[in-house]
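FYI, in my numbering the residues of the sequence shown are 1 to 87.
Hints in this document: simulated from the structure, not taken from any laboratory.
What you are looking at is a predicted structure, and each value in this text was computed from that prediction instead of being measured.
Each hint should be verified, as a subset may be incorrect.
Unchecked claim - The calculated label-pair distances, taken between Cβ atoms and stated as ranges, are:
(1) Met3 to Ala55: 16 to 24 Å
(2) Met1 to Glu44: 33 to 41 Å
(3) Pro43 to Met1: 28 to 36 Å
(4) Glu61 to Arg24: 17 to 25 Å
(5) Met1 to Asp47: 28 to 36 Å
(6) Val57 to Asp15: 14 to 22 Å
(7) Glu44 to Glu2: 27 to 35 Å
(8) Glu61 to Glu20: 14 to 22 Å
(9) Met1 to Arg50: 30 to 38 Å
(10) Gly10 to Arg30: 20 to 28 Å
Each residue gets a CB set at the ideal place from its N, CA and C atoms; glycine is no exception.
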Amino acid sequence: MEMTFSCDVGALVSDAETVERLARLHVRARRGGHVLLLRNASPELCDLLRFMGLACVLCVEPRRQAEQGEQRLGLEEERELLDPPVV
C-alpha cells in the first residue's frame, strides 16, 4: 500500500548536501513503494533543486505562511482511516 510521507524542510539549509540527503530519502521511499512530499521548501531550496535538475523528480509543496495559532510540525505520515494504528 502506497503511503505519502510529508517532510517539513523549511528549517533546512539550502545547499548541495541537503539536496543529496533529500534525494536519497526520496529514493528509499520510492523503493518502499511510498511517496515523499517536501513541504515548506524555501525559494532558495526550490531554485537549487531546479538548478540540479531534481525539481521534476522530488515532490515539492511550496512554502506557505502559517495561519494564526497554527503550529509548524515536522514529519507527518498520511494514511487511510481504515489503516491500523502504528505501534
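Against the structure, the hints:
1. For the hinted restraint 16 to 24 Å between Met3 and Ala55, the CB-CB distance of approximately 23 Å keeps it satisfied.
2. Met1 and Glu44 have their C-beta atoms about 35 Å apart, which keeps the hinted 33 to 41 Å range intact.
3. Here the CB-CB span from Pro43 to Met1 is close to 34 Å, well matched to the stated 28 to 36 Å.
4. Distance hint for Glu61 and Arg24: a CB-CB separation of about 20 Å, consistent with the stated range 17 to 25 Å.
5. The hinted range of 28 to 36 Å is satisfied by Met1 and Asp47, whose Cβ atoms lie roughly 34 Å apart.
6. Separated by about 18 Å at the C-beta atoms, Val57 and Asp15 satisfy the suggested range of 14 to 22 Å.
7. Taking 27 to 35 Å as the suggested C-beta distance range, the pair Glu44 and Glu2 conforms, at roughly 30 Å.
8. Checked against the given bound of 14 to 22 Å, the beta carbons of Glu61 and Glu20, roughly 20 Å apart, stay inside it.
9. A C-beta distance of roughly 32 Å is found between Met1 and Arg50, which places it inside the suggested range of 30 to 38 Å.
10. About 23 Å separates the C-beta atoms of Gly10 and Arg30, a value consistent with the hinted range of 20 to 28 Å.
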